[in-house]
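Student: Hey, can you piece these two chains together into the complex? The hints should help.
Each protein sequence line maps, in turn, to chains S and B. Numbering follows my numbering, in which position 65 of the first sequence is assigned residue number 82; successive positions increment by one, without gaps. Numbering follows my numbering, in which position 341 of the second sequence is assigned residue number 1594; successive positions increment by one, without gaps.
None of these hints come from the bench; they were simulated from the model. Among these hints, one or two may not hold up.
Far from chain B by the CB rule (all over 12 angstroms, computed), these chain S residues [what the hints assert, rightly or not]:
#1 Pro22
#2 Leu25
#3 Leu28
#4 Ala30
#5 Gln32
#6 Ala71
#7 Asp76
#8 Tyr77
#9 Ala116
#10 Gly121
#11 Leu122
#12 Leu127
#13 Arg134
#14 Asp141
#15 Arg143
#16 Lys144
Example chain S residues on the side facing chain B (calculated, C-beta under 8 angstroms, incomplete) [as the list claims (entries may be wrong)]:
#17 Arg42
#18 Asp44
#19 Lys52
Derived Cβ-Cβ restraints for the label pairs, each shown as a range [said to hold, decoys possible]:
#20 B:Ala1367 <-> S:Ala51: 22 to 28 angstroms
#21 S:Thr21 <-> B:Ala1367: 29 to 35 angstroms
#22 B:Arg1305 <-> S:Asp114: 46 to 52 angstroms
#23 B:Ala1367 <-> S:Asp114: 36 to 42 angstroms
#24 S:Gln63 <-> B:Glu1485: 51 to 57 angstroms
#25 B:Arg1305 <-> S:Gln63: 33 to 39 angstroms
#26 B:Ala1367 <-> S:Asp141: 28 to 34 angstroms
#27 S:Gln137 <-> B:Ala1367: 26 to 32 angstroms
#28 B:Asp1429 <-> S:Pro62: 56 to 62 angstroms
#29 B:Glu1485 <-> S:Leu138: 57 to 63 angstroms
#30 S:Pro62 <-> B:Glu1485: 52 to 58 angstroms
#31 B:Arg1489 <-> S:Asp114: 40 to 46 angstroms
Note that beta-carbon positions come from the ideal geometry of N, C-alpha and C, so glycine has one too.
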Amino acid sequence: MNETPDQLDGLRAEQLLDIDSALARLDQDHAFLAKLYAMFLEDGPQRAKTFADAVAKGDYQTAAKAAHSLKGMAGTINAPALMDHCLVLEKTAKTEDAAAMAPGLDRLQLLLGEVTRRVQLYLDNRK
Amino acid sequence: MTLLPDRLRIFVVEDERLAAADVCRLLERAGYEVAGVAADCGQALAALESARADAVLMDITLPGPMDGVDGARAVAERFALPVVFLSAREDQATLARAGASGSMGYLLKPVQPAELRAALETARHKHELERKLRASEARYRSLVELLGEGVVRRDARGAVSFANGAFCEILGRDMDTLLGTRLESYVAKGQEALVREQLERRARGERGRYELRFVRPDGSERITRVSATPVEEHGRFAGSLMAVTDVTEETSIRKARQEAQSLYRSMFENAAVGMYRAEASGRLLAVNRALSDMLGYDSPGQMVEMVTRMDLQVYADPARHARLRELIETEGAVHRFESEVYGRDGDLIVVSESARRAQTPGGGEVVESVVSDVTEAREAREAFQATFELLQRTIDAISDLVTLTDLSGVVILANRAMREFFDLSDDPAGTDYHALMYEAGHVDRAGAALAAGEGTDAAFIHLPDKGATLHETASPFAGLDGEVIGKVCVARILTREDATGRAAG
Chain S
18 MNETPDQLDG LRAEQLLDID SALARLDQDH AFLAKLYAMF LEDGPQRAKT
68 FADAVAKGDY QTAAKAAHSL KGMAGTINAP ALMDHCLVLE KTAKTEDAAA
118 MAPGLDRLQL LLGEVTRRVQ LYLDNRK
Chain B
1254 MTLLPDRLRI FVVEDERLAA ADVCRLLERA GYEVAGVAAD CGQALAALES
1304 ARADAVLMDI TLPGPMDGVD GARAVAERFA LPVVFLSARE DQATLARAGA
1354 SGSMGYLLKP VQPAELRAAL ETARHKHELE RKLRASEARY RSLVELLGEG
1404 VVRRDARGAV SFANGAFCEI LGRDMDTLLG TRLESYVAKG QEALVREQLE
1454 RRARGERGRY ELRFVRPDGS ERITRVSATP VEEHGRFAGS LMAVTDVTEE
1504 TSIRKARQEA QSLYRSMFEN AAVGMYRAEA SGRLLAVNRA LSDMLGYDSP
1554 GQMVEMVTRM DLQVYADPAR HARLRELIET EGAVHRFESE VYGRDGDLIV
1604 VSESARRAQT PGGGEVVESV VSDVTEAREA REAFQATFEL LQRTIDAISD
1654 LVTLTDLSGV VILANRAMRE FFDLSDDPAG TDYHALMYEA GHVDRAGAAL
1704 AAGEGTDAAF IHLPDKGATL HETASPFAGL DGEVIGKVCV ARILTREDAT
1754 GRAAG
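Next up, chain B with everything else stripped away, as it sits in the complex (with noise of 0.2 angstroms):
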């Protein structure tokens, strides 16, 4: 009974004609078919071009060129059909070629039945599983030819023993360069060690992700991202695998990146200015150490742990953030906002802000805030403000035309007579004083010099339009610092009707 569905065919290479009809007949009882017979290796080749065979039962020593070990050799590489050897008793050089030849078996004369079936079904299996191999390997090989990673296998000795298309780019060098050399004569200077080590830790059995940069032969650098696993064959270390990808763009823009996130970074840190940013919820991501100082907070990271609403914790008015937030999202920036926020101890402290909408690298959408303390000044503004107030209801009083100007005559400030004797608005600030008083009416300074104290102009100045002769002072004023400022002019109504007669006179 044969163990096989199919009748194997058995080509036999011997040449004593006593040892061939023994093992063909062994076959034929075995179950197999003859595929023929040939007594050297010349006539074994030219008969397997049309034999059909499925395996070839050998001898070793044959007579002609080939013995059955160079024969064998030729039948795998041609026909690539598995070789099963016959033979005596063999001394241990020949046993070592036929070892080497890649052959399927052996089989000792007088061949017993049990063993050569046991040899033809273990070689027609091993034949099986390498081809299979082969075309795994062959599909395996040219996906690996697909990737536009790097491939490359390092032997146990650290020599190159297969490199795919997208390395040898890489690498600026073709497969045959590649091939058997050490991938240290590739590295950058001073990564020789690392190479080395790296295989070291693979026959540990250790796997490995490094960052290896290699020179083209232009001189060129190329920086990698090494992923490296140990091969093992047969349970022993191999050598290793490697993918190489190329991240010697996304390198360079990292570098950019991060260069320019260290110096917003810094300069976030260090401005002397508050700055903020927070998310478009009013939840804080970051301050700076001005504005955690500004506010009273111990540090940036206690403010931000502390502060969870904006709205209700730092601004004073909830309904001042809200507005703040609808302009940012409906002109995408603000300048100069004003509010009233909360200090940590509980201080009202006025602050300006400009604040925009930012992308963050995620997509995600923050605001970032410029914040300066305007407390003092807002302050010192209102108490001006106060001041300026008391001075126009103090000139209001007076029936004279008092009129502040600036040195150049332009009005800062007009008391209530003076608004109303010339119909000025009720904020004149910016009329040219010069045109209204002097320039449309007759301006006598001789006579009225003499009324007049040191520093002070006096003159008479009569008004066609007006029908009135007024009497006017115009006494410099200085500011804090002493230096002359302005003018402080007082016009005293003298007559509507007779005014000429009276000058004159």
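Excised from the complex, chain S in its bound form (with noise of 0.2 angstroms):
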């Protein structure tokens, strides 16, 4: 089953959201996986949100701070393409460019659906 966007098409499974480091990472723990992921659904979509408010509202000191959380929290799970993204979108926020931001803030939404869309996967085939 692939319902990945069309536009991450050239992104390994691994490069969304690499499973099997994580796991090897914490001792094959399921359990405490499946509780860092929950709190990646409720707090990750929440910091994107900072981001997109801060970069419409012109807040680019709140926005590279979100983006810095959001990079961290991509990292603690092993989504490796989201936190380079992040990391960009950091950079940018704090150059202040807002055209470079647009394109960057729809990748943004685009990435962590798909992130997210997989690590719901995870905890609903855990059940």
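Tutor: Written out as structure tokens, the structure reads:
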């Protein structure tokens, strides 16, 4: 089953959400990984919204901090593509370049959507 | 399994609950204890007051006025705890700041268990080393302060980075004035280049010892002896460590001593009289040119080399040398001690020496002697003595009373007849001839003058005590230069009983 958007076709599954690496790091502790994923589902979209709102208001400092937080979360759950993109967004926000922010924001929604979809899928499969 | 004997307590500063939960679980799994979790630096610093933490894991980007880099500095300063940073990918500027904060390491999210353990073990080890180093530095510093010697450290560019109390005292300036400045500013005019050149030598890894003159704020100079060694840090030249000894007083004493020594040496070498210095045993230590010339050696050096036993090789009579040493030993000095000594070619020379015992600076004892060649003087004296004795025997053979006086009438020489007539001692020199001859008797010069030649006084003298009448003539006599130096008086005994009648007649 592959519902990954066309725009993310070039990315491998482990670049989007590397479940195997996460489990290896956590000594195959599926329960704890599920706990981390659950936190991500709550906090991730919230940081993304903070970022989008701040960009809309031209508050780049808040935007940079939100991108940084999301980057940390993505890193912790082994979502490297999202982490890399958040780093780009954090840097772009610090340059306060409004024109560059729009395409970045679109790709953030796309990547975050795909990562949360895969996280949700993992959690659903555990039930 | 933990690598640590005791469970280390780690305090976590992380604002994201997801990352915090992750790292706390990793810590517990790895055998550490979580000492507490804070979401910003303010909370963390407050909690650390009572948290009994051994180390801190700190996110770099944190909400609030202090980010993780500021927080790490505060933690190190206030609690002296090692800090390991937690971070997702950071930009270069943040990494540079984090690197300069003195933290013990850096963990990238997602944190790997092995990396976490390695980072914390390394942090603990490095922290322990630094703590020991600081303790040893403190001990070393207090030791350096105790030294009487000045200690100053220059960095690779030549600026003072440390100076102890003794060095500040030498320069007459306090530490705050010296720190960060260059030593060139404090040295005597013309020594700036030496200071720079010495630092270049340290940069080449060379040690050095040299003399440096510092000028104090009141303009006075301090002469110092510097012993410097290069300092390396992480395999690179990091400056110079200098031990500075104030030798100003020592130098002026040394200079005075050198001047005295050079004066003495010049006097010794150029003196017209012979001089030598010998050990108490008699071994020659030094002789001057006058002495080596006197005894026929080519040079003072040759004489010192050739003469190994003064008593046997120089003194004709070893007993005489022994006597000389004995006198020096008991009296401390001798004056005009005459001895016969051998010249290099075997000639006998008569010398007169004045010698004394002297102390060397090292505490040893030597004999110093001034030597004059008195061979000619002694020969002359002996010749004079012989002439004198011949004269004495000659006049002793005369039956008249013969006396030599000086111009004031004091007896120089008298013959046997004269000595016996007046009951004089064998050596009547110094007797008053006038008192003897004229004052005790009746002198008639008028009658006697008729019989006397020119320049000669004549008199009839009646001496009632002796019951005798004498006819005396007194003629002047001259020295070798023709100058009259005395009189020759010859008195013939005319009568003993009837002198008065015949003389009058």
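Student: Give a verdict on every hint.
Tutor: So, going through the hints one by one against the coordinates:
1. Distance to chain B confirms Pro22 of chain S as a non-interface residue, since its nearest Cβ pair spans about 24 angstroms, more than 12 angstroms.
2. Here Leu25 of chain S stays apart from chain B, with its beta-carbon at least about 20 angstroms from theirs, past the 12 angstroms limit.
3. With a minimum CB-CB distance of about 17 angstroms to chain B, Leu28 of chain S clears the 12 angstroms threshold, and the non-interface call stands.
4. At roughly 17 angstroms, the least C-beta separation between Ala30 of chain S and chain B is larger than 12 angstroms, which holds for a residue marked as non-interface.
5. The claim that Gln32 of chain S lies off the interface holds: its Cβ sits roughly 14 angstroms from the closest Cβ of chain B, which is beyond the 12 angstroms cut-off.
6. Listed as a non-interface residue, Ala71 of chain S keeps its Cβ farther than 12 angstroms from every Cβ of chain B; the least gap is roughly 14 angstroms.
7. Under the 12 angstroms C-beta cut-off, the non-interface status given to Asp76 of chain S relative to chain B holds; the minimum distance is some 15 angstroms.
8. Every CB of chain B is more than 12 angstroms from the CB of Tyr77 of chain S (nearest about 14 angstroms), matching its label as outside the interface.
9. With a least beta-carbon separation of about 20 angstroms from chain B, Ala116 of chain S lies farther than 12 angstroms from that chain, consistent with its non-interface assignment.
10. Annotated as non-interface, Gly121 of chain S keeps its C-beta farther than 12 angstroms from every C-beta of chain B; the closest such distance is 16 angstroms.
11. Separation of Leu122 of chain S from chain B is adequate, the least Cβ-Cβ distance of about 19 angstroms exceeding the 12 angstroms criterion.
12. For Leu127 of chain S, the shortest C-beta to C-beta distance to chain B comes to about 20 angstroms, beyond the 12 angstroms cut-off, and the non-interface label holds.
13. At roughly 18 angstroms from the closest C-beta of chain B, the C-beta of Arg134 of chain S stays outside 12 angstroms, upholding its exclusion from the interface.
14. With a least beta-carbon separation of about 20 angstroms from chain B, Asp141 of chain S lies farther than 12 angstroms from that chain, consistent with its non-interface assignment.
15. Look at Arg143 of chain S: its CB is around 18 angstroms from the nearest CB on chain B, clear of 12 angstroms, so calling it non-interface holds up.
16. The beta carbon of Lys144 of chain S is kept farther than 12 angstroms from every beta carbon of chain B, the shortest such distance being approximately 21 angstroms.
17. Because the smallest distance between the Cβ of Arg42 of chain S and any Cβ of chain B comes to about 6 angstroms, under 8 angstroms, the interface hint for this residue holds.
18. Interface hint status for Asp44 of chain S: upheld, as the beta-carbon distance to the closest one in chain B is roughly 7 angstroms, under 8 angstroms.
19. For Lys52 of chain S, the interface hint holds, since its Cβ comes within 8 angstroms of a Cβ in chain B; the closest pair sits about 7 angstroms apart.
20. As the Cβ distance of Ala1367 of chain B to Ala51 of chain S is approximately 23 angstroms, the hint placing it in 22 to 28 angstroms holds.
21. The hinted window of 29 to 35 angstroms between Thr21 of chain S and Ala1367 of chain B holds, with their beta carbons roughly 32 angstroms apart.
22. Checked against the hint of 46 to 52 angstroms, the C-beta distance between Arg1305 of chain B and Asp114 of chain S comes to roughly 47 angstroms, which is consistent with it.
23. In this structure the hint that Ala1367 of chain B and Asp114 of chain S lie 36 to 42 angstroms apart at CB holds, the actual value being about 39 angstroms.
24. Distance hint check for Gln63 of chain S and Glu1485 of chain B: the Cβ-Cβ separation is about 54 angstroms, which falls inside the suggested range of 51 to 57 angstroms.
25. In this structure the supplied range 33 to 39 angstroms holds for Arg1305 of chain B paired with Gln63 of chain S, their Cβ-Cβ distance being about 34 angstroms.
26. Roughly 32 angstroms separates the CB atoms of Ala1367 of chain B and Asp141 of chain S, a value that falls within the hinted 28 to 34 angstroms.
27. Checking the proposed 26 to 32 angstroms range against Gln137 of chain S and Ala1367 of chain B shows it holds: the Cβ atoms sit about 30 angstroms from each other.
28. Under the hint 56 to 62 angstroms, the C-beta atoms of Asp1429 of chain B and Pro62 of chain S, about 58 angstroms apart, fit the expected range.
29. Glu1485 of chain B and Leu138 of chain S have their C-beta atoms about 60 angstroms apart, which keeps the hinted 57 to 63 angstroms range intact.
30. Against the hinted window of 52 to 58 angstroms, the Cβ-Cβ separation of Pro62 of chain S and Glu1485 of chain B comes to about 56 angstroms, which satisfies the hint.
31. Roughly 42 angstroms separates the CB atoms of Arg1489 of chain B and Asp114 of chain S, a value that falls within the hinted 40 to 46 angstroms.
The structure is consistent with each of the numbered hints, conforming to all of them.
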